[in-house]
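Trainee: Knowing the structure of chain H, use the given hints to seat chain Z on it.
Protein chains in written order, with the working numbering: chain H, 212 to 305; chain Z, 386 to 735.
Quick caveat, the hints were computed from the structure, so don't treat them as lab data. Beta carbons are placed, not taken as given, at the ideal position from N, Cα and C, and that holds for glycine. One or more hints might be untrue.
Claimed, not checked - To spell it out: a stretch of chain Z is covered by chain H in this simulated footprint if at least three of its residues, at any positions, have a beta carbon under 8 Å from a beta carbon of chain H; those stretches are:
1. 627 to 641
2. 671 to 677
3. 686 to 700
Claimed, not checked - In silico contact screen, one side only, chain H against chain Z (beta carbon under 8 Å); selected entries:
4. Asn216
5. Asp220
6. Gly221
7. Ser260
8. Gly284
9. Val292
10. Val301
What the hints assert, rightly or not - Partial pick of chain Z residues on the chain H-facing surface, computed with a CB cut under 7 Å:
11. Gly619
12. Phe622
13. Asp623
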Amino acid sequence: MFAINTDNDGSLRLVGRLDAASVGIARDHFEQIESSTRLDFSNLDYIASVGLGVLIAAQRRLLASGHGLTLTGMSPHLREVLTLAGFEGVFAFE
Amino acid sequence: MSLPLNEMIPPWLLASDNHLGLRIALSLLPVLLFLGVLLWLDSFRLVRKKSVMVAMFAGAIGALFSYFANTAILEVTHLPPAIFAIMAAPFVEETFKGLWVAWQIRRGQVGFLIDAAILGFATGAGFAIVENIYYLRSLGDVPLLVWLIRGLGTALMHGGTTAVLAVFLRGRGASSPARAPWIGAVFLAALLHGAFNRFMTDPLLATGVMVIFLPLMMVAVYHEGERRLRAWLGRSFDRDRELLELIQSGEVRTTPLGKYLVSLREQFPAEDVADMLCLLRLQVELSIRAKGVLMLREQGLEAAADPDVLGKLKEVKWLEKRLGRAGVLAMRPICHWAGGDGWQKNILQD
Numbered sequence: 212m213f214a215i216n217t218d219n220d221g222s223l224r225l226v227g228r229l230d231a232a233s234v235g236i237a238r239d240h241f242e243q244i245e246s247s248t249r250l251d252f253s254n255l256d257y258i259a260s261v262g263l264g265v266l267i268a269a270q271r272r273l274l275a276s277g278h279g280l281t282l283t284g285m286s287p288h289l290r291e292v293l294t295l296a297g298f299e300g301v302f303a304f305e
Numbered sequence: 386m387s388l389p390l391n392e393m394i395p396p397w398l399l400a401s402d403n404h405l406g407l408r409i410a411l412s413l414l415p416v417l418l419f420l421g422v423l424l425w426l427d428s429f430r431l432v433r434k435k436s437v438m439v440a441m442f443a444g445a446i447g448a449l450f451s452y453f454a455n456t457a458i459l460e461v462t463h464l465p466p467a468i469f470a471i472m473a474a475p476f477v478e479e480t481f482k483g484l485w486v487a488w489q490i491r492r493g494q495v496g497f498l499i500d501a502a503i504l505g506f507a508t509g510a511g512f513a514i515v516e517n518i519y520y521l522r523s524l525g526d527v528p529l530l531v532w533l534i535r536g537l538g539t540a541l542m543h544g545g546t547t548a549v550l551a552v553f554l555r556g557r558g559a560s561s562p563a564r565a566p567w568i569g570a571v572f573l574a575a576l577l578h579g580a581f582n583r584f585m586t587d588p589l590l591a592t593g594v595m596v597i598f599l600p601l602m603m604v605a606v607y608h609e610g611e612r613r614l615r616a617w618l619g620r621s622f623d624r625d626r627e628l629l630e631l632i633q634s635g636e637v638r639t640t641p642l643g644k645y646l647v648s649l650r651e652q653f654p655a656e657d658v659a660d661m662l663c664l665l666r667l668q669v670e671l672s673i674r675a676k677g678v679l680m681l682r683e684q685g686l687e688a689a690a691d692p693d694v695l696g697k698l699k700e701v702k703w704l705e706k707r708l709g710r711a712g713v714l715a716m717r718p719i720c721h722w723a724g725g726d727g728w729q730k731n732i733l734q735d
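With the rest of the complex left out, here is chain H (with noise of 0.2 Å):
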């Protein structure tokens, strides 16, 4: 089960697991964003790399329009292997 929700502050909060079976609700809704947004992590369980593959295009897209995602509520585990892979100079990290 996976969900997008809107914080009161405009941040999108995801939930649940983003894996292949949910990256299609994912890829529609980042589609829409069209300014700098705060994605929260916090009360995600699981992202596979479809799911990080959707938030590159998505940042892509921003990017070259000036804006861009900053990405909150990340566990330790997925900070680190964010970091690893290079995605900490591509993303904003809070």
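Mentor: Using the frame of chain H, we list chain Z on its own:
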């Protein structure tokens, strides 16, 4: 060479008193331009420029060896040149062109179909350039059409057949010790090469087929290569991440991975097993890094610089040397890339 000259060919292409610069451009540039397009289309940037240059050099050396081998075989067999060009020369030339790229694949320097195609084509391009330089010096004043055919037809054919050989080898997993993929790859490349030479009785047709067929073939290879790469990238990134989480959890001993490492203590000293665990962690971290770089490159983004990468690569090298071949082989069941996957190191060093 008999040319089906007809009224459709512009007169300037039939003129023999042409400029040397034009001859050079027509005979050498098409294959280089095609190679440039292949590199440009590689969104994952799998191949380094240095590797392309080395591949072209290897192809050039292959051309020299082929020249001497072909001359010797012709002298011994006295085959008619037309038969020799179809039945013998393709096998000799594809063997010499394919040796370097096959060695690279065997060493793990070529990871995917796309880099196999590029490095194969580059090797064939190096071969074709030397061959065309030889003909530029030896043929003298011949119509520009000849150079057009040599540049667009023969040169692209040399690149294309070696690309086919490399893709076949990579696709069949030539890192295995089996000889069958190598024989099959040379046979396939030589068959295509021989077919082209057979059609050289009508060089315009042969060149036309090459100009149409080769780009289509490369598009198909890139399409399939990217599909496979993406699928592999997704699977292995997730697997590496889970493995790293397992190592970090501190509960390795209770897992099949931990039990395997404990079982290795019967054959290796305890300090070696500890080093294996260190090596496993480093390899997983570097593997995640390489895959992250590829995922970002596909979208035209650059990974953040990691100052620790070179140190980690040195540490891996040191640990592999300390553990020796037996130790590295013992790690294969849990760390399949141990001692291999040179392409991954190339990406990390970029």
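Trainee: Are the hints correct? Go through all of them and say.
Mentor: Evaluation of the provided hints:
1. 627 to 641: holds (count 3)
2. 671 to 677: Per the Cβ count (4), the hint holds.
3. 686 to 700: Since 6 is at least three, the answer is holds.
4. Asn216: The hint is violated - asparagine 216(H) has no Cβ within 8 Å of chain Z, the shortest such distance being about 25 Å.
5. Asp220: Because about 27 Å separates aspartate 220(H) from the closest Cβ in chain Z, which is outside the 8 Å limit, the hint is violated.
6. Gly221: 24 Å, violated
7. Ser260: OK, holds: serine 260(H) within 8 Å of chain Z, min 4 Å.
8. Gly284: 18 Å, violated
9. Val292: At 5 Å from the nearest chain Z Cβ, valine 292(H) passes the 8 Å test, so the hint holds.
10. Val301: Hint on valine 301(H): holds, closest Cβ of chain Z at ~5 Å, below 8 Å.
11. Gly619: Holds. Min distance 4 Å.
12. Phe622: At 4 Å from the nearest chain H Cβ, phenylalanine 622(Z) passes the 7 Å test, so the hint holds.
13. Asp623: 5 Å, holds
This entry does not satisfy hints 4, 5, 6 and 8, going by the numbered hints stated previously.
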